[in-house]
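A.B. asks: Same order as they appear, the protein sequences are chains A and B. Position 94 (the first sequence) corresponds to 94 in UniProt numbering; numbering is contiguous. Position 681 (the second sequence) corresponds to 681 in UniProt numbering; numbering is contiguous.
Some hints could be false.
Claimed, not checked - The calculated lysine-lysine pairs, modelled on BS3-like cross-linking and capped at a C-alpha distance of 25 Å, are: (1) A:LYS104 to A:LYS8; (2) B:LYS487 to B:LYS515; (3) A:LYS90 to B:LYS642; (4) B:LYS515 to B:LYS599; (5) A:LYS90 to B:LYS487; (6) B:LYS278 to B:LYS409; (7) B:LYS541 to A:LYS34; (8) B:LYS145 to B:LYS197; (9) B:LYS209 to B:LYS147; (10) A:LYS90 to B:LYS582; (11) B:LYS453 to B:LYS515; (12) B:LYS342 to B:LYS353; (13) B:LYS278 to B:LYS145; (14) A:LYS90 to B:LYS599; (15) B:LYS453 to B:LYS409.
Quick caveat, the hints were computed from the structure, so don't treat them as lab data. Predicted model, so just to flag it, every value in this text is computed and none were measured.
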Amino acid sequence: MLNLHKSKESHFDILSLSGEVDASNSVILDHAIKELVEEGAKVILVDGQNLEYISSAGLGVFMSYLEDFQDQGIRLVIFGLSPRVYEVFKILGLDQLIPIVEDKSTAIASENEV
Amino acid sequence: MVKIPTIHIGKLSFLLAILVWLALLFVDLVRIFGIINELDSGISEEFTWILEILFFFTLYGFYTYSIGKNSQGDFLNLIWRGATTGIFASAMGLLTQLFYSVMGESKIGNEPFLRNFFYHLNFAFTTLFLISTALLWKHLILYQKNKQVVKQWQAFEFTMLVAMFFVFFNKNNFDYSFLFGLVILLIISIVLSGNLKWIPYLTFKEKWKSILFLSIILLSTGYLFNRLLTYGNDERFQINLTDNLFLMALFGFIFVYALFSFLVTLFNLPTSSVFEQKLTEAINFQRLSQSIQPEENEEQVLDILMDSCMSASYSDAAWLEMNPSENLTEIDQLRFLELETKKEISDWIQTQKAAQDWATGDKPENLQPLSLRLEHPKFESLLLVPLTINKVAIGRMVLCKEVRDGFNKEMINIISTFVRQACIAVENHRLLNQAILNERYQEELKIAQRVQKALLPTRLDHPDSFDICAYSNAADEVGGDYYDTFKLDENRYVLIIGDVSGKGTSAAFHMSQMKGVFHSLIQLELSPSDFMIRANAALSKCLERNHFITASIFLIDLRENSFTHARAGHVPTLIYRANEQKSEFLMFDGLGLGILRNKLYENHVQERTFHYAPGDILVLITDGVVEAKNQKGNQFGFERIKSLVEINCHKTPKELQQVLIDSLHEFVGGDGMIDDDYSLMVVKFKESES
Numbered sequence: 001m002l003n004l005h006k007s008k009e010s011h012f013d014i015l016s017l018s019g020e021v022d023a024s025n026s027v028i029l030d031h032a033i034k035e036l037v038e039e040g041a042k043v044i045l046v047d048g049q050n051l052e053y054i055s056s057a058g059l060g061v062f063m064s065y066l067e068d069f070q071d072q073g074i075r076l077v078i079f080g081l082s083p084r085v086y087e088v089f090k091i092l093g094l095d096q097l098i099p100i101v102e103d104k105s106t107a108i109a110s111e112n113e114v
Numbered sequence: 001m002v003k004i005p006t007i008h009i010g011k012l013s014f015l016l017a018i019l020v021w022l023a024l025l026f027v028d029l030v031r032i033f034g035i036i037n038e039l040d041s042g043i044s045e046e047f048t049w050i051l052e053i054l055f056f057f058t059l060y061g062f063y064t065y066s067i068g069k070n071s072q073g074d075f076l077n078l079i080w081r082g083a084t085t086g087i088f089a090s091a092m093g094l095l096t097q098l099f100y101s102v103m104g105e106s107k108i109g110n111e112p113f114l115r116n117f118f119y120h121l122n123f124a125f126t127t128l129f130l131i132s133t134a135l136l137w138k139h140l141i142l143y144q145k146n147k148q149v150v151k152q153w154q155a156f157e158f159t160m161l162v163a164m165f166f167v168f169f170n171k172n173n174f175d176y177s178f179l180f181g182l183v184i185l186l187i188i189s190i191v192l193s194g195n196l197k198w199i200p201y202l203t204f205k206e207k208w209k210s211i212l213f214l215s216i217i218l219l220s221t222g223y224l225f226n227r228l229l230t231y232g233n234d235e236r237f238q239i240n241l242t243d244n245l246f247l248m249a250l251f252g253f254i255f256v257y258a259l260f261s262f263l264v265t266l267f268n269l270p271t272s273s274v275f276e277q278k279l280t281e282a283i284n285f286q287r288l289s290q291s292i293q294p295e296e297n298e299e300q301v302l303d304i305l306m307d308s309c310m311s312a313s314y315s316d317a318a319w320l321e322m323n324p325s326e327n328l329t330e331i332d333q334l335r336f337l338e339l340e341t342k343k344e345i346s347d348w349i350q351t352q353k354a355a356q357d358w359a360t361g362d363k364p365e366n367l368q369p370l371s372l373r374l375e376h377p378k379f380e381s382l383l384l385v386p387l388t389i390n391k392v393a394i395g396r397m398v399l400c401k402e403v404r405d406g407f408n409k410e411m412i413n414i415i416s417t418f419v420r421q422a423c424i425a426v427e428n429h430r431l432l433n434q435a436i437l438n439e440r441y442q443e444e445l446k447i448a449q450r451v452q453k454a455l456l457p458t459r460l461d462h463p464d465s466f467d468i469c470a471y472s473n474a475a476d477e478v479g480g481d482y483y484d485t486f487k488l489d490e491n492r493y494v495l496i497i498g499d500v501s502g503k504g505t506s507a508a509f510h511m512s513q514m515k516g517v518f519h520s521l522i523q524l525e526l527s528p529s530d531f532m533i534r535a536n537a538a539l540s541k542c543l544e545r546n547h548f549i550t551a552s553i554f555l556i557d558l559r560e561n562s563f564t565h566a567r568a569g570h571v572p573t574l575i576y577r578a579n580e581q582k583s584e585f586l587m588f589d590g591l592g593l594g595i596l597r598n599k600l601y602e603n604h605v606q607e608r609t610f611h612y613a614p615g616d617i618l619v620l621i622t623d624g625v626v627e628a629k630n631q632k633g634n635q636f637g638f639e640r641i642k643s644l645v646e647i648n649c650h651k652t653p654k655e656l657q658q659v660l661i662d663s664l665h666e667f668v669g670g671d672g673m674i675d676d677d678y679s680l681m682v683v684k685f686k687e688s689e690s
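Work out the full structure, taking the sequences as your base and the hints as a guide.
C.D. replies: Here is the structure:
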């Protein structure tokens with residue numbers, strides 16, 4: 001089960017994920033990110049506080065946007081991941097490519113610095 | 001041994017009948033000769049009667065045989081046979097009459113021998129006609145017989161047998177006992193004549209024919225009976241063969257049954273078409289209910305459906321339209337209708353509120369045929385019939401009639417039944433095709449499975465200085481995990497394990513690409529990090545955008561007792577240190593393949609060199625092992641693997657591998673499936689022998 005929630009905070013688009021991302025629902029995540037891009041989001045903060053599990057298919061979704069975001073100047077920050085989920089990102093090496101921070105305030109602070 | 005020729009009962013009995021008749025003729029002529037010449041021939045009347053009864057029996061035998069053999073169930077043919085025999089016998093009688101009226105009082109005309117000869121001839125033919133027709137009637141009466149009818153018939157035959165011998169008691173006198181017997185036989189005849197079940201099965205045309213044939217039989221019977229009476233009163237015949245209770249009763253029986261049949265057939269004529277209609281409906285129903293063979297198509301069923309419905313409702317025109325579906329071309333059938341007219345009526349239906357409500361309002365499975373009054377120059381009423389399969393409307397049939405309110409309840413009922421049956425047949429046909437298709441897919445997948453299994457090595461290259469074993473299991477028929485070993489030279493070996501993101505068919509295709517790339521690159525004897533950089537460059541070009549591959553590579557150098565390791569996003573490998581009796585996961589930075597598809601990847605991959613000692617163990621795994629979940633949603637996890645290896649460190653790689661697999665399955669639960677591909681490879685270093 002995956003629940004998605006989109007919200008806005010100043011110029012940040014916050015995408016909250018709760019539950020599990022696997023092969024069966026990774027399309028939903030992909031769709032949500034695509035929508036945000038089409039809506040003209042510049043900074044996407046992914047709230048992973050309630051994310052319990054992400055499979056390789058879910059990681060594939062984040063991965064597939066890396067180049068596009070770089071080209072379009074869109075920044076993606078993930079925050080609040082549980083140690084277990086963070087480990088998955090780390091093993092794959094995605095933590096080297098996507099900023100992953102502890103909480104929302106850190107995420108906002110880091111983005112405001114830029 | 002003497003071969004006995006097979007006895008032909010028909011021919012034999014016919015021959016016997018002729019012989020008996022000749023004997024009868026001879027006996028009677030001799031008697032007449034005696035009377036004329038006032039000599040006592042010494043031949044008693046009983047002798048004639050015995051011969052007469054013998055004649056009856058042989059004829060009965062002959063006809064029982066010949067009718068039973070020839071005509072099975074063809075009623076018209078049976079009646080026609082009776083009619084021809086009747087015509088023949090009557091013609092014989094007429095010719096005799098004509099002969100004597102021409103001869104008048106001439107010498108030949110008064111010749112007693114000739115007269116008696118003709119009398120015997122006519123007697124023979126009349127008997128022939130009576131017995132054959134009686135046996136034909138038997139076939140008709142016993143059509144769709146039940147026990148009661150069979151008993152009635154047996155009683156009739158028995159009484160007839162008695163009547164044959166009645167002549168011995170009665171001496172051919174017309175007295176009360178004769179009359180009594182006749183009345184009894186007539187009553188039985190009338191009772192038997194109630195069995196006319198064959199008549200409804202005649203078509204309209206056949207009924208007309210049978211009426212004609214029956215009237216011929218009635219006329220013949222009447223004529224022959226009349227002739228018989230004149231013979232009876234003629235004093236010139238010394239012996240009376242024909243005033244016989246048996247023959248009289250047969251006359252009565254044949255006449256009564258023919259009359260009944262005639263009348264019933266006549267009165268059945270007007271309702272004949274209804275019966276024919278119902279019979280056609282029953283046959284159509286049966287045709288529809290026969291399941292379609294896979295090689296046949298739905299069109300044939302719909303064809304039968306259209307024909308059946310049109311004939312059941314006497315429709316003047318009809319069409320059938322199927323909703324287009326993905327696996328079927330649109331079927332559109334027109335009957336007795338121009339395309340233009342169909343369009344006119346179709347458009348008219350579109351404008352009708354009732355029809356629109358009908359089509360959209362109810363659930364498809366509850367939809368009943370809708371009868372409408374049509375405003376069209378040619379047709380005045382129409383019936384909309386829905387075709388539904390599995391609660392989904394698949395099309396509709398439209399029946400048109402030139403009369404107003406042309407569809408009654410009975411027609412709609414029968415049409416609904418036809419449609420239901422046809423829809424079941426179509427559904428079965430579709431399901432069957434689906435099943436065949438699925439079977440084929442299954443076959444294809446099995447082939448894919450076999451091919452993919454062959455992509456994994458059957459033999460793992462390794463020197464004596466370490467033992468190795470590996471295992472891989474796919475969640476679906478095919479998977480995306482890969483492992484292999486290579487021997488670079490006597491002292492250098494490479495171990496590889498890889499995992500394509502996702503699972504199933506797409507992962508399997510990427511896995512085969514991965515194998516190709518790895519096999520090519522291994523020839524170049526690259527360092528582990530260079531290997532990954534090249535692999536990333538190659539795989540970036542062929543992987544789908546949201547797919548990536550994780551891999552680990554180990555280059556083992558036996559001289560140095562060391563291995564160089566690079567990790568590309570893969571699950572860290574566990575190393576068990578025998579001297580410390582502890583294990584750890586070899587975790588350092590390394591990005592998965594195909595994630596960063598440019599030169600920058602070089603910055604994200606590292607390689608490290610580790611030393612190993614005898615007794616050390618390497619456990620290479622894929623994420624399917626770590627992420628395997630039990631029913632509570634907990635993962636198998638790294639710690640569990642670690643402790644299992646530490647506990648079982650003394651075991652051989654094969655045993656250790658089995659322990660890990662068993663624990664994994666136990667953890668997931670009895671019937672719980674591990675829903676990802678998982679693989680593992682276990683290496684155990686030995687004391688070097690040199």
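A.B. asks: Run every hint past the structure and note whether it holds.
C.D. replies: Going down the list of hints, with the structure as the test:
Straight-line distance between C-alpha atoms of A:LYS104 and A:LYS8 comes to about 13 Å, which keeps the hinted pair within the 25 Å bound. Distance check on the hinted pair: B:LYS487 and B:LYS515 sit about 16 Å apart at the alpha-carbon level, within 25 Å; holds. Taking the CA atoms of A:LYS90 and B:LYS642, the gap is about 19 Å. The hint holds against a cut of 25 Å. Restraint check: the Cα-Cα separation between B:LYS515 and B:LYS599 comes to about 22 Å, which is no more than 25 Å; the hinted pair holds.
The suggested pairing of A:LYS90 with B:LYS487 is violated, with an alpha-carbon distance near 31 Å, which exceeds 25 Å. Among the hinted pairs, B:LYS278 with B:LYS409 is consistent with the structure: their alpha-carbon atoms are about 15 Å apart, no more than 25 Å. Between B:LYS541 and A:LYS34 the CA atoms are separated by roughly 23 Å; this keeps the pair inside 25 Å, and the hint holds. Among the hinted pairs, B:LYS145 with B:LYS197 is consistent with the structure: their alpha-carbon atoms are about 9 Å apart, no more than 25 Å.
With a CA separation close to 31 Å, the supplied pair B:LYS209 and B:LYS147 exceeds the 25 Å bound. The straight-line distance between the Cα atoms of A:LYS90 and B:LYS582 is roughly 24 Å, inside the 25 Å bound, and the hint therefore holds. Under the criterion of a C-alpha separation no larger than 25 Å, the hint pairing B:LYS453 with B:LYS515 is consistent with the structure, at around 12 Å. The straight-line distance between the Cα atoms of B:LYS342 and B:LYS353 is roughly 19 Å, inside the 25 Å bound, and the hint therefore holds.
This hinted pair checks out: B:LYS278 and B:LYS145 have alpha carbons roughly 22 Å apart, not beyond 25 Å. Proposed proximity of A:LYS90 and B:LYS599 is supported: the alpha carbons are some 21 Å apart, at most 25 Å. Restraint check for B:LYS453 and B:LYS409: the C-alpha separation of about 65 Å exceeds 25 Å, so the hint is violated.
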